[in-house]
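Undergrad: When you get a sec, could you build the whole thing from the sequences and use the hints?
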Amino acid sequence: MGPKERLSLLGITWVIISMKVLYGLAIELRNWGVIEDDLLLGIVLLLLVVVNILVAYRHDHDAIAAQSTLVLLAIGSTAGTEFGELGVAVMILIATIILHGIAINRESGNLASLGIASSNLWIGMHAITPQFSAGPLQVLPIEDPLLLFLLLMVVTSMNAYMATVFSKNENWFSKGFETLGLGKPGLWGVSISLGMVGAVLAVASNREDLGYALGMVTFLGGAFGGSYLVVRGVQSRRVSKPLLITATFLTLVLLNDGYVDASLGVSSYHIFTAIGAIVTVSIILRDQSSVSDRVLWVGSVAVLAILVLLVPTDSKSDGDGGFALLGILSLLHIGTAVLAVRRNSSSLTGVTVILPWSWIVTEKMIEETVRTIMIANDLNEYNGMVHLESLPLAIYLSLSSVLLFLVNSKMGDSGVNLASGFMGITEISASIRDSGLLNLWSIGLWLPMLTIVILAQFDGFNTFSLVSLLALISVLHILSFALGLRNSSEEGIIWIIAITYLTIQWRHGLDEPIFVLMCLSISSILYFGKDAVYGLGIGMVAVPMLVFWTGRDPSRGLSSPKWISDLDSGVFSGTLFDTEFLAVACTIVVLSVYLPRAEYMENMLRPACSALILVVISSILSLESDNALLQFSSVMVFIFTSFWLISRGEIRSELKTIAKRETVISMVSEGGLSPGLGSLSSYSPKVAEMEQLRRSRRELSDTEDISELLSSEITHTPVVGMVILMIVLLSGILGSAVLGMGPLILVSTGVFCCERYS
437 MGPKERLSLL GITWVIISMK VLYGLAIELR NWGVIEDDLL LGIVLLLLVV VNILVAYRHD
497 HDAIAAQSTL VLLAIGSTAG TEFGELGVAV MILIATIILH GIAINRESGN LASLGIASSN
557 LWIGMHAITP QFSAGPLQVL PIEDPLLLFL LLMVVTSMNA YMATVFSKNE NWFSKGFETL
617 GLGKPGLWGV SISLGMVGAV LAVASNREDL GYALGMVTFL GGAFGGSYLV VRGVQSRRVS
677 KPLLITATFL TLVLLNDGYV DASLGVSSYH IFTAIGAIVT VSIILRDQSS VSDRVLWVGS
737 VAVLAILVLL VPTDSKSDGD GGFALLGILS LLHIGTAVLA VRRNSSSLTG VTVILPWSWI
797 VTEKMIEETV RTIMIANDLN EYNGMVHLES LPLAIYLSLS SVLLFLVNSK MGDSGVNLAS
857 GFMGITEISA SIRDSGLLNL WSIGLWLPML TIVILAQFDG FNTFSLVSLL ALISVLHILS
917 FALGLRNSSE EGIIWIIAIT YLTIQWRHGL DEPIFVLMCL SISSILYFGK DAVYGLGIGM
977 VAVPMLVFWT GRDPSRGLSS PKWISDLDSG VFSGTLFDTE FLAVACTIVV LSVYLPRAEY
1037 MENMLRPACS ALILVVISSI LSLESDNALL QFSSVMVFIF TSFWLISRGE IRSELKTIAK
1097 RETVISMVSE GGLSPGLGSL SSYSPKVAEM EQLRRSRREL SDTEDISELL SSEITHTPVV
1157 GMVILMIVLL SGILGSAVLG MGPLILVSTG VFCCERYS
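Heads up: the sequence shown is residues 437 to 1194, going by the working numbering.
Keep in mind the hints are simulated off the structure, nothing from the lab.
Treat the numbers as computed from the prediction; the structure is a model and nothing was measured.
Every residue, glycine too, gets a C-beta built ideally from N, C-alpha and C.
Worth double-checking, as some hints may not be accurate.
Computed cross-link-like contacts, DSS-like style, restricted to lysine-lysine with a CA-CA straight-line distance of at most 27 angstroms [said to hold, decoys possible]: (1) Lys604 x Lys620; (2) Lys846 x Lys966; (3) Lys456 x Lys611; (4) Lys604 x Lys677.
Restraint-style ranges between C-beta atoms, simulated for each label pair [to be verified]: (5) Met810 x Leu616: 32 to 38 angstroms; (6) His823 x Gly612: 38 to 44 angstroms; (7) Tyr1036 x Leu919: 22 to 28 angstroms; (8) Met821 x Ser904: 25 to 31 angstroms.
TA: Structural data, given as structure tokens:
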């Protein structure tokens, strides 16, 4: 900046200071009694504003004009001293018109953005603050609902028009963000964002009247949404015509509120909200190709936040337990799901998958944080702002689960990975990116499960809604795996499902439903999965039985609907649905999936051991019951499983070992393998290795037979059979010691072991 520019800036600064001195002098003259009344003071200040505007044009600088318009808004705020609320509203409207008029005349983006931000902030201030004094003048709040509604609607319409006209102009706010290193947003985005702060204050001040508050949100969305469409290239007449016609009609409805309420029994603000929302959404969807994905998903997040803040949910204070809030949010999520599929948008898919679960978790975390702080400071306990009953919450989350499945299915086999942008520079970022943890299919499983665990901790569900929701989510993800829609491994699904079920069982009990859910979920995954996960899956089915066996009481029980208690004491009474019976039944289901597959497994040790552990645990549970038929059934299951694993598994492995040995011997006989003895050039490392192996084993002696030498390592150890024998022997020893029937148990154990290897 050269000397001339610096001198000019200094002059502008002195002009602004001089005008500030004159404004202050006028106010002091009123205090001294030179200016006799408030009306005359207002006239003097208005004359000074005119002078200020003329000086701004004389020096051709926006800063001087900005000072005059801000002072004019301040004068409007104090007009209530003489003219009441209506005077305040009229003066704010006149100040906004003058400010926008100067911006249009000077073609100034600075004044346009300032007018958009300051006018809405001024209205929000008058809506939310009580009456206070500014020297000799009184600043009144705008308490008339209709006056505030119409003022904000008119000013918002003008602001939307100004944001459209000056959307590409330079402005102070954008430069300020750039100076702070926050990027350089355009005039439309930065001015609308600042203006929305004031608008939200006005909305929040009237959140007790849901129809009124949502009506404000509706015309804000219509005005600024239409403005955005025009900025994106849609013809202004195509957007403005339906909005203006609808606004005119709805304004007439508002002005005849008494007649409408008496005729229809519905508030005019509810009618405004319903019709306005339908028209606004229709216009946006009609030209949704002109709207970027970022605006759509950011808008959906903003709308959700506003609705959560506005819609009452506490049934003790004019709420309905969340039916209205969750119903509106369900429509929002359906809309983002439809747009995600239609536009093939990964960002909208992410919002549809993540938003329904994340906002509930966030709200609960904030609520608990505030409650903890208040209790620590001996303040009244905070009851939270959102109170959701179990029924609407379960319906809402069930719908969100179905939408999650549908949008992820439409994205194809590749899915959407939120970590795809990770550079992988560090080991952690590379692991997260490659693990698929942030793939939307994976997020769609662990985030809902985490949300359910947290909500259950805060009594967000009853037993029926909790079990039903867990079952639905598990079915949808297992179905996606069976149909090949997801690219994440079945091992991850097993871990997430198992940890969730075990956490619920540990905290809330529900042993019988957890047994069934774990059994059916894991069995389905194993049926469609690879052999490698059988050991993990079967072992996980046994863990809930171990938790039940410990006899641990749940730390936080959940309520149950009355009809479930009636069924439990009526139709389901008896031993049919006892925990021990379900344990044996679940074991049979898992084995029916595993055993037919066992004979074809290359590595059968881990799943076989897991299966035997499962059978033993279920047998122990059955022995603790008084049902002799159940005890006999569990013993028969163990015997059948043992015979199957030995006959289909061990014998098959032994035959494969024999076949491999015969292959080596036949190759030696045919000359395919040479002993490689007698000369250095024909030395065979394999022969030397086998000779060393036979020397290290006592049961193997030296041999000159090359076929026997090369097949030294081809042996089979019946590990599964040994495990079965160990279980039988330990059971026999313990049974003899506890029951005192040593000879009988000894004979039974001997017969079983002899039959096993006869």
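Undergrad: Flag every earlier hint the structure violates by its number, smallest first.
TA: Of the numbered hints, all hold.
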